[in-house]
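Q: Work out the full structure: start from the sequences and follow the hints.
Residue numbers (the numbering used here), protein chains in the order written: chain U, 1 to 240; chain X, 241 to 633.
Treat the hints as calculated values from the structure; they're not laboratory data.
Each residue gets a CB set at the ideal place from its N, CA and C atoms; glycine is no exception.
One or more of the hints may lead you astray.
[As the list claims (entries may be wrong)] Every beta carbon over 12 Å from chain X, so not counted as near; a handful from chain U, in silico: (1) 21; (2) 126; (3) 170; (4) 224; (5) 235.
[What the hints assert, rightly or not] Pair by pair, the computed Cβ-Cβ distance ranges are: (6) 556/X to 237/U: 51 to 59 Å; (7) 618/X to 17/U: 45 to 53 Å; (8) 571/X to 88/U: 43 to 51 Å; (9) 17/U to 466/X: 19 to 27 Å; (10) 28/U to 556/X: 52 to 60 Å; (11) 556/X to 127/U: 51 to 59 Å; (12) 90/U to 554/X: 29 to 37 Å; (13) 181/U to 254/X: 56 to 64 Å; (14) 556/X to 227/U: 54 to 62 Å; (15) 166/U to 242/X: 36 to 44 Å; (16) 279/X to 17/U: 32 to 40 Å; (17) 242/X to 127/U: 45 to 53 Å.
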Amino acid sequence: MEPVIRTQALQKHFGPIRAVDGLDVTVQAGEIYGLLGPNGSGKTTLIRLLIGLLRATSGWVTVLGQPMPNKPILARVGYMTQASALYDDLSAQENLGFFGAMCSAGQPIGRERVAQVLELVGLTDRANSLVRTLSGGMKQRLSLACTLVHRPQVLLLDEPTVGVDPQLRVAFWAHFRSLAAEGVTIVVSSHVMDEAERCDQLGFMRQGRLLAEGSAAALRSGAGAATLEEAFLHYASREE
Amino acid sequence: MNRKRVVALARRVVRQIAHDRRTVALVIVAPMLMLALGAILFRAEAAVIPLGVVNQDIGMKLPGIGNLAAGQRIIDELAASGAFDLIPLRLEEIDERLRDGSAQGVVTFPADFTVQLLSSPGHRAFLDLRLEGSNPGRSQLIAARITEGAVKAMVGLNRVGATASQPTDGQSESQAVGLPVTVNTTYLYAGSSFDLMDYIAPVYIAFLSFFFVFLLTCVAFLRERSQGTMERLLATPVTRLEIILGYLGGLGIVALIQVAVILLFTIWVIKIHYLGSLALLFLVVALLALVGVGLGILASTFARNEFQVIQFIPIIIIPQALLSGMVWPLEELPGYLRPLAYLMPLSYANRALRDIMLRGLNLTAIWPNLLILATFAIVFVALGALTVRREVA
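A: See the structure below:
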């Protein structure tokens with residue numbers, strides 16, 4: 001089967017800095033692919049390349065069979081950044097309606113769908129609250145809802161659980177898992193190792209390159225390590 | 241109180257500002273620019289006013305002196321004053337010259353001017369002054385200068401006329417002094433009921449709506465970038481053009497409501513005089529508001545925060561206020577400032593609005609200004625769209 005996301009010899013340079021330095025990544029439909037690595041390892045740059053916010057210096061990216069950047073395909077992709085990126089002076093419901101309208105290619109997003117995602121992230125009772133009156137965790141949940149509102153087939157999530165409390169983090173991962181079960185393909189970056197355990201496939205990233213790739217279990221046993229953290233350090237030291 | 245802490249705070253404040261090179265430049269350079277501009281404008285030599293002259297005065301033959309022409313003497317006096325550039329005209333071309341601006345006023349001396357002055361019972365003569373009228377300050381100035389010239393001429397004339405006319409009618413010199421010349425003023429446009437506020441109001445309306453729409457757009461667009469929603473928008477199928485048009489539509493509606501309120505307030509509450517069509521007035525200000533939206537989107541690229549938006553006021557807004565003909569007519573700016581004035585959208589809006597409100601002109605007369613405003617709007621919006629692209633880099 002054709003992979004949903006594929007990069008080949010992907011490079012992105014910012015002046016002398018090689019933020020992404022030759023990546024070959026494939027993600028299959030319904031898979032949760034975790035990008036794991038320290039800050040500055042190129043995770044965000046890779047995700048921005050995948051969604052087409054950046055243009056590759058060389059190499060190429062395809063999402064759902066289309067070379068990126070490609071505007072129309074974005075109707076089938078959901079993107080969530082680390083910062084909540086919402087309109088403070090709109091209500092939760094209005095934010096959802098707006099992003100829904102931006103993403104919908106064919107039929108508009110109905111009120112039922114807005115209500116449905118609000119329910120999903122547990123914000124039904126705050127539907128009419130202005131975003132600036134919501135707590136940090138609520139904003140993060142609303143941000144996820146905005147990413148999901150147009151029923152995307154691909155989710156690109158850049159550290160979606162940074163600053164999220166443990167309880168909420170568990171809830172988020174439960175959503176991701178059930179979406180994947182429905183066939184949604186998810187790429188998620190993190191620098192929290194215990195989240196990585198929940199991914200189907202993992203890519204260890206460092207200095208714009210992939211150190212190792214595989215399931216959590218395979219990476220651990222390949223390194224002869226008890227934890228993913230040890231495995232990461234093992235692959236990192238082997239690289240040097 | 242701990243002195244060290246106060247010093248540390250003060251030092252921190254200075255350092256923060258020093259790190260922001262643009263603020264440093266602004267705090268130092270902007271006041272100098274403003275002062276220089278002010279000095280240039282306030283010290284600019286009073287422009288020579290083009291004044292048409294229709295001299296029909298045939299004069300009067302006086303024994304021992306020959307033909308005495310009082311009209312010509314006044315004309316000589318006006319020429320000597322240096323305030324006017326005198327243009328001899330024929331009676332039938334007066335309004336045409338006023339309309340095309342090649343004369344700001346026209347004095348007409350009737351054929352019997354000298355005769356009236358010297359031999360009418362009251363020794364009074366009338367001259368006609370026709371003014372363009374849309375600038376009340378200018379109208380007053382011209383009328384005052386002409387009266388002044390007439391009075392000066394009379395002083396000389398009385399010396400000549402007294403010796404010549406005394407034997408004929410025995411009038412004493414003192415009676416002839418006073419104000420023997422009455423200026424009858426008529427106006428091409430507007431008129432004596434128009435005051436300075438009527439002259440300023442059109443440009444005031446334009447300036448206020450432009451200023452607020454510009455700031456509103458700048459801040460709205462800046463927030464879109466700084467709160468991260470621009471990134472999110474760009475990760476959806478929405479195109480740059482759609483974003484810009486959406487902004488134009490939304491802010492355009494807000495601006496139109498504002499313009500409508502300003503206009504109605506000015507007309508009903510401030511009660512300014514105006515001629516011309518209200519709809520046309522609305523069209524010009526609406527077009528200017530769109531220019532403000534475009535410029536705001538463009539400028540917001542160069543601001544990282546709201547404070548830097550405020551810095552645009554002395555850079556973008558104040559020069560427009562000074563150079564767009566709000567106070568100093570464009571034609572009278574020093575030559576090297578004029579090209580700058582032509583770069584300012586407000587100049588064209590001001591001209592169009594004055595043409596409508598003070599001169600009662602219609603679309604056929606003001607369309608070139610509207611076309612230029614529309615061009616400004618399109619160029620700014622297009623440039624603004626290009627700056628959105630920069631984000632995708």
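Q: Indicate, hint by hint, whether the structure satisfies it.
A: Checked hints:
1. 21: 18 Å, holds
2. 126: Nearest chain X Cβ is 19 Å from residue 126/U, so the label holds.
3. 170: Holds: least Cβ distance 25 Å, greater than 12 Å.
4. 224: 40 Å, holds
5. 235: Consistent with the label, residue 235/U stays out of reach of chain X, its closest Cβ about 31 Å off (over 12 Å).
6. 556/X to 237/U: 51 to 59 Å: 56 Å, holds
7. 618/X to 17/U: 45 to 53 Å: Violated, at about 38 Å.
8. 571/X to 88/U: 43 to 51 Å: 49 Å, holds
9. 17/U to 466/X: 19 to 27 Å: 24 Å, holds
10. 28/U to 556/X: 52 to 60 Å: Holds, at about 53 Å.
11. 556/X to 127/U: 51 to 59 Å: 41 Å, violated
12. 90/U to 554/X: 29 to 37 Å: 33 Å, holds
13. 181/U to 254/X: 56 to 64 Å: Because 59 Å falls inside the window, the suggested range holds.
14. 556/X to 227/U: 54 to 62 Å: At 58 Å between Cβs, range holds.
15. 166/U to 242/X: 36 to 44 Å: 42 Å, holds
16. 279/X to 17/U: 32 to 40 Å: 49 Å, violated
17. 242/X to 127/U: 45 to 53 Å: This hint holds: roughly 50 Å between Cβ atoms.
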